[in-house]
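K.L.:
Spelled out from the first residue to the last, the chains are:
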Amino acid sequence: MEVQLHLIDYIIMVIYFVFVLGIGWFLRKYMKDAKQFLEAGRSLPAWVTGLAFISTNLGALEVMGMTGSGAKYGMLTTHFYWIGAIPAMVFLAIFMMRFYYGSKARSVPEFLKLRFDEKTRALNAILFAVMTIMASGISMYALALLMEKVLGWNFNISLWLSAAIVLAYTYLGGLSSAIYNEVLQFFIILIGLLPIVILALMEVGGWSGLKEGLAPIAAQKGFAPDTLTTTWKYTGDANANPMGVKWYGIFAGLGFVLSFGYWCTNFLIVQRAMAAESTTAARKTPLIGAIPKMFIPFLIIVPGIIALVLINNPASGFSIMENGKPNYDLTIIMLLKHYLPAGVLGVGITALLASFMSGMAGNVSAFNTVWTYDIYQSYIRPATNDAAADARHYLRVGRLATIFGVLVSIAAAYLAGLFGNIMDFLQTIFSMINAPLFAVIFLGMFWKRTTAHGAFAGLLGGFLVALAHHGLTAPEGATTLVKGGWLGLIHTYPVEMAQNFWTAIYACAAATLITVSITMVTRREKTDEELKGLVYSLTPKISEENVPWIKRTNTLALFVLIIFFILSILFW
Amino acid sequence: MLDIKIPIGLMFFIFGVVLTIYGFISRNDTELYQKSFSHNVNLWMGGLMLVFGGVMLLLVRRRKS
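Read top to bottom, the protein sequences are chains A and B. Read in order, the letters of the first sequence correspond to residues 314 to 885 in my numbering. Read in order, the letters of the second sequence correspond to residues 114 to 178 in my numbering.
Don't read these hints as lab results, they were simulated from the structure. Be a bit skeptical, because a hint or two may be false.
[As the list claims (entries may be wrong)] Calculated pairs, PhoX-like style, for lysine-lysine (alpha carbon to alpha carbon, straight line, at most 20 Å):
{"#": "1", "chain 1": "A", "residue 1": "Lys524", "chain 2": "A", "residue 2": "Lys385"}
{"#": "2", "chain 1": "A", "residue 1": "Lys839", "chain 2": "A", "residue 2": "Lys432"}
{"#": "3", "chain 1": "A", "residue 1": "Lys839", "chain 2": "A", "residue 2": "Lys417"}
{"#": "4", "chain 1": "A", "residue 1": "Lys650", "chain 2": "B", "residue 2": "Lys148"}
{"#": "5", "chain 1": "B", "residue 1": "Lys118", "chain 2": "A", "residue 2": "Lys342"}
{"#": "6", "chain 1": "A", "residue 1": "Lys559", "chain 2": "A", "residue 2": "Lys534"}
[To be verified] If we take Cβ atoms under 8 Å as the criterion, some of the chain B residues that face chain A in the derived model are:
{"#": "7", "residue": "Met114"}
{"#": "8", "residue": "Leu115"}
{"#": "9", "residue": "Ile117"}
{"#": "10", "residue": "Pro120"}
{"#": "11", "residue": "Ile121"}
{"#": "12", "residue": "Phe128"}
{"#": "13", "residue": "Val131"}
{"#": "14", "residue": "Tyr135"}
{"#": "15", "residue": "Gly136"}
{"#": "16", "residue": "Leu145"}
{"#": "17", "residue": "Tyr146"}
{"#": "18", "residue": "Lys148"}
{"#": "19", "residue": "Val154"}
{"#": "20", "residue": "Asn155"}
{"#": "21", "residue": "Met158"}
[As the list claims (entries may be wrong)] Interface residues of chain B toward chain A, partial, derived using beta-carbon atoms under 10 Å:
{"#": "22", "residue": "Met124"}
{"#": "23", "residue": "Ile127"}
{"#": "24", "residue": "Leu132"}
{"#": "25", "residue": "Ser139"}
{"#": "26", "residue": "Asp142"}
{"#": "27", "residue": "Gln147"}
{"#": "28", "residue": "Phe150"}
{"#": "29", "residue": "His152"}
{"#": "30", "residue": "Trp157"}
{"#": "31", "residue": "Gly159"}
{"#": "32", "residue": "Leu161"}
{"#": "33", "residue": "Met162"}
{"#": "34", "residue": "Phe165"}
In this text, a Cβ means the ideal position worked out from N, Cα and C, and glycines have one as well.
Just chain B, same shape as in the assembly (with noise of 0.2 Å):
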């Protein structure tokens, strides 16, 4: 049967990769970030999806193995 991290994995792993992409060009627009007292959500949060999408592949790949 399919590997539900599998799934999991992929979609944070995109959604970390399309949140990163957004936030590095949006980095300087300050209107979009004064909701959020100037933080870069977007990046921060693109970045933690990276790592825990990158996880739960690196998890899969090591059952392979």
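So that you can see chain A by itself, here it is in the shape it has in the complex (with noise of 0.2 Å):
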């Protein structure tokens, strides 16, 4: 299973990095201040920020496991990129993203501050800093790991440089270092995954042949023929369908609570558009990352259907299996390694790493910023009358945040190492914070009267909602606690994915009656001269009158949900 590289190809890679550390090296001079490294200076085109939100999500881990989902579940994976996610980016952009850049709070916990208190603050801060650091540094491990495995190279050298790479450049270039990394990682990405996409479409025969190799397959398995290439068409029964949920379930579960939940809220992924440079482009950066993100399912989630064809018939010469068992995560290498020759293999590998380290990059980048904001100036050493001396003092926190957050990742990675469960379920317990956290901000932008109290109250409960369900079902088959059931098991859901749905559908409901209850019987602390800006009601409504119709950012939104349809349809 080991790919061989050539020199070619090791140039490639060191192009790369040497542009990579060149950003970083060239932005240092004007990190004057916090405002600079940790917020970009709120100075980026909004199509910088747009790419730099889709790629964030964009990580390595991703990447593998889509193409991995392709080779599983067939089209419907293409759920998590257009009802998982474009509604919910439409939404943050026409909606929310007004009061998140218009408060000029400099993060989601900050927001929480802004609108509520400093205890809800706190509760999100928190868990944010140990959930974005825990994440970086499971995906260091899974991908040295796979380094190893797939190239040869040694596992500590592999986590070290990458991580060395990933604290110069952020270290020198703080967000917008970061920012314009992702951005290159974007285009690295399309271009290096391109040629396969093109060679396997050849090689299958077309769209027309996948659908005729795919059909045998499907029918194996005991569904419909064309259950592998249509999205919507059998989700009416769940025993129809290779992912084992109904319309409903994806609709609510995925549609709704999980990608509002994290495109919405998730403050790794709004500190992008919070970097832009008006209230327009901040608004306008989710519509332009939705516009790529609808298309990156035929870059990455159509070549492993495609594999998927490969697989199944032994005289490709394609094959996943490891230790007698396929491993779908190897599925994007093994592609790789299958259809490029020594060239543009170094960039198909260059793309992979480099999303994995615009990927940590972009935790670091968002746990220095809530760090020095939330925690640091909240909490330690609070601002003083010397604004000039001050935004020294935490450009330095935030550049020593940095590196701590780097060395935590580092030390993340191997404790994932010696305890791969403790630590994945350490990561879906911290994955929990998403589903309440939506409904307590979507209460508190869209509803005056709720209180601090309520929201603290229905963060944490539905927080704590989540963890019961979790503890109390299991998917089925469940070897291991770490799936959950560990208080008792009540419900067996058919796939892990159901599991998923369900605990955040609980945590966001839970979370919604909480906050509403609790308001009811608390009294408001704020009067409604300071919820300005932060509530809808109160807020003086963004006329786009006197801007062409073409350029308005509803123009754009309504551009973006017609693709969304199209595509809806096309694949129905």
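Since each chain sits alone in its own frame, please combine them into the complex, following the hints.
P.N.:
In structure tokens, the structure reads:
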């Protein structure tokens, strides 16, 4: 399974790293204060933040996982890119972004502080900081392991070297450097994976050939012949599609709770839009990101589906078997190996390394902002009267937090190697903060009555309900308690994904219910004046009347939705 | 601040040059291109990258003037 690299491939890789570090080096002279370093000076054009917005999500684990899911579930995987992303991104752009950006909050936890109170911010900031670093560590571990297995590189050297590169460019250029590199990564993924899509489609005889090739495979699994090339058609019955979920589960779980929780409230993502140069640019960020987002499945999911045809055809010589079992995470790498000669192979491998590193840089740059503003400035050393000295002081703290974040990520990577299950478990738990957070922020933005006590109770209660749900249910055939059922088993889901959907749905519903009921029995502490710019009904509406219709944010949103509908119908 | 189109344009232009040269040198290496059904992918992708990098750099120049 090892991939043989040649000199030319290494040359490509080295050129890429020179540019990555060069960008950091070039930007270092602009990093004069904390705002430049942690918020990119709020000066970036919408197309840059828009590409970074989706690029942050396009980490190496995502690329590998989604190609693998393509091989497992077929076109149904595109739900993660269409219904599971586009409505949420449009909603963020049209309704929520102006409050994040216009409130002058520098992070999502800080928005919670402005809208609610200190304790709500503290709860979210701490959970977010821990989750971010852990996610970074776990993906570092997975990638270093993969490099060892596939490229034959030493585990420790790959881990430390990639961490050192990420540290160097985020230390030098801060958030700007992270965002610029995400844009660079976006293009290299696009160009690096393009040849495998073209060559793979050529081999199976285009889209119609692919459909023919998949029909017997679907039939063999007991599904209708076109199950693997359609998205909604067979979701009327959970047993008729490989994902094992019904349409309303996809609609509510993925399309609403999970995606709104992720795209609208995850600071890692929202931070990109907050670095934009104006409110308009910030609102356009998710919309500009949505356009390539909708087409990424053709680049990473379609090759996975083609891989499924190749796997079932022994004559192709293609295999993802490892120790006698298919390892779907290897799909993308095996495709690179199968189709690409030396040269373009280097570009493909570099694209994977790039997505890995920029994912880590994204985590680190979100962590250092939350640490500096929401933990350090709030509880350890508050701002003084000397704004200029503060700006320099917090810049230094932000830089130290960057080093600290990278070191803790490395530690987390080793822990993941030693106690893999426990780390997976912790990551599952911490990922449960998003669904309740969305409920709370949504209520806060659109219901002026929402009180701080209500929000805090909703956040905490939603999180506990998510935990309880995870503890009381398990996917079928789960062998470890990591997957759930550690409090006792009252329900079994057919697949893990269904369990995740329902955990998020329960958490979001509980958070809404608790926030509303506590709000009813507590008194509002902020006046209408204080909530201006934070709550929909108390903020002047945005008028786009004097903007030509072609340049309006609403027009762009409509355009995104139209493409979304066309794609959904085309691949129904 | 640094215009992001400059590093993107430069990097892909250099990639393009490297791959085009490599593709040209290796054009008769049938074994190398067996994987890609005898298509010289290095030459194609090199060309594409040259165009992409070039367009990015042109956009930067047009902005300046």
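K.L.:
Does the nearest C-beta of chain A fall within a distance shorter than 10 Å of the C-beta of Leu161 (chain B)?
P.N.:
OK, holds: Leu161 (chain B) within 10 Å of chain A, min 7 Å.
K.L.:
Given Gly159 (chain B) as an interface hint, is its Cβ closer than 10 Å to any Cβ of chain A?
P.N.:
8 Å, holds
K.L.:
Measure nothing beyond the straight line between the CA atoms of Lys650 (chain A) and Lys148 (chain B); if it is 20 Å or shorter, mark the hint as holding.
P.N.:
9 Å, holds
K.L.:
With the threshold set at 20 Å, check whether the alpha-carbon distance from Lys524 (chain A) to Lys385 (chain A) stays at or below it.
P.N.:
Roughly 15 Å between the alpha carbons, so the hint for Lys524 (chain A) and Lys385 (chain A) holds.
K.L.:
Can the hint on Met158 (chain B) be confirmed by a CB-to-CB distance to chain A that is less than 8 Å?
P.N.:
This interface hint holds because 5 Å falls under the 8 Å limit.
K.L.:
For the hint on Met162 (chain B), just tell me whether its beta-carbon gets within less than 10 Å of chain A.
P.N.:
6 Å, holds
K.L.:
Holds or violated: Met114 (chain B) as interface residue toward chain A, Cβ cutoff 8 Å?
P.N.:
6 Å, holds
K.L.:
Regarding the pair Lys839 (chain A) and Lys417 (chain A), is the alpha-carbon distance no greater than 20 Å?
P.N.:
Given pair Lys839 (chain A), Lys417 (chain A) holds - Cα atoms ~17 Å apart, limit 20 Å.
K.L.:
Under 10 Å is the threshold here; is the Cβ of Leu132 (chain B) close enough to any Cβ of chain A for the hint to stand?
P.N.:
It holds, given that the least Cβ distance between Leu132 (chain B) and chain A is near 6 Å, below 10 Å.
K.L.:
Hey, does the Phe128 (chain B) contact hint survive, CB to chain A under 8 Å?
P.N.:
7 Å, holds
K.L.:
Quick check on Asp142 (chain B) please, does its C-beta sit within 10 Å of some C-beta on chain A?
P.N.:
Given a least distance of 8 Å, the restraint on Asp142 (chain B) holds.
K.L.:
Tell me if His152 (chain B) is really an interface residue toward chain A, meaning its C-beta lies closer than 10 Å to one of theirs.
P.N.:
7 Å, holds
Violated hints: none; the structure is consistent with every hint.
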